[in-house]
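Place chain B on chain A using the hints.
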Amino acid sequence: SAVISQKPSRDICQRGTSLTIQCQVDSQVTMMFWYRQQPGQSLTLIATANQGSEATYESGFVIDKFPISRPNLTFSTLTVSNMSPEDSSIYLCSVEGDRAYEQYFGPGTRLTVT
Amino acid sequence: QKEVEQDPGPLSVPEGAIVSLNCTYSNSAFQYFMWYRQYSRKGPELLMYTYSSGNKEDGRFTAQVDKSSKYISLFIRDSQPSDSATYLCAMTGTASKLTFGTGTRLQVTL
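Protein chains in written order, with our numbering: chain A, 1 to 114; chain B, 1001 to 1110.
Same shape as in the complex, but just chain A:
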């Protein structure tokens, strides 16, 4: 299984600012995913990021709010832009395993917006 790290592990930010979250994988992977996990709610997929192409966003998420970069096969970033308290959440990246239903998750970034 892949080993995934995320930076920062947590942050407290002021509304109106932006935060970039980094996701690093110890092996080359084709597909990377970004999720949001809010208290009492399901893990919600924000977007899928393939290297060399634009990220694919899920309904309710837009590129202007959550721009994603995928410069190579081991790294991705998610930016949360113009933050509001409603963006307070845990943000997780994951990668696909050998089988389509397998995903391996990073430890998450706990974001609080004040």
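No lab work stands behind these hints, which were simulated from the structure alone. Using N, Cα and C, we set each Cβ at its ideal position, and we do this for glycine too. Careful, some of the hints might be misleading.
Claimed, not checked - Below, a list of computed lysine-lysine pairs in the DSS-like style, where the Cα atoms sit at most 30 Å apart: (1) B:Lys1097 with A:Lys7; (2) B:Lys1070 with B:Lys1097; (3) A:Lys65 with B:Lys1002; (4) B:Lys1070 with B:Lys1002; (5) A:Lys7 with B:Lys1042; (6) B:Lys1067 with A:Lys65; (7) B:Lys1002 with B:Lys1042; (8) A:Lys65 with B:Lys1097; (9) B:Lys1056 with B:Lys1067.
To be verified - Covered by chain B, per the in silico footprint, the following chain A stretches (three or more residues, Cβ under 8 Å): (10) 36-43; (11) 101-108.
Structure of chain B alone, referenced to chain A:
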């Protein structure tokens, strides 16, 4: 109605008890059914998966899928304090997109 429903708990059981965790779903296209375990302040980790209907056993864990009822279960035998975590069901059709339940928080007490 959510595609996947899961009781959030919390569920508190004594050590050694049999634990039953369940999810219901509405999408008939789901073919792969997974259980993830998430410890506090960690990312989810894949615990078990089942393809289509049937049972799968792995040590103290048994996963069951009943597609006719759109109902999946995870049983934990001889539960241990180290099993205390949030358990998330997840499912997918043939694509990579997973649909998760909200998770059930389990506490196994000494």
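Evaluated hints:
1. Proximity of Lys1097 (chain B) to Lys7 (chain A) is assessed by CA-CA distance (about 24 Å); at most 30 Å being required, the pair is judged to hold.
2. The straight-line distance between the Cα atoms of Lys1070 (chain B) and Lys1097 (chain B) is roughly 19 Å, inside the 30 Å bound, and the hint therefore holds.
3. Simply put, Lys65 (chain A) and Lys1002 (chain B) have alpha-carbon atoms about 25 Å apart, close enough for the 30 Å limit, and the pair holds.
4. Note on Lys1070 (chain B) and Lys1002 (chain B): the hinted pairing holds, with a Cα-Cα distance of about 13 Å set against a maximum of 30 Å.
5. Proposed proximity of Lys7 (chain A) and Lys1042 (chain B) is supported: the alpha carbons are some 13 Å apart, at most 30 Å.
6. With a C-alpha separation of about 38 Å, the suggested pair Lys1067 (chain B) and Lys65 (chain A) falls outside the 30 Å cut-off, and the hint is violated.
7. At roughly 25 Å between alpha-carbon atoms, Lys1002 (chain B) and Lys1042 (chain B) fall within 30 Å of each other, so this suggested pair holds.
8. This hinted pair checks out: Lys65 (chain A) and Lys1097 (chain B) have alpha carbons roughly 21 Å apart, not beyond 30 Å.
9. For the hint linking Lys1056 (chain B) to Lys1067 (chain B), the alpha-carbon distance of about 14 Å falls within 30 Å, and the restraint holds.
10. Counting residues of the region 36-43 of chain A whose CB lies closer than 8 Å to any CB of chain B gives 4, which reaches the minimum of 3, so the coverage claim holds.
11. Coverage of the region 101-108 of chain A by chain B holds in this model, with 8 residues showing a Cβ closer than 8 Å to a Cβ of that chain against a need of three.
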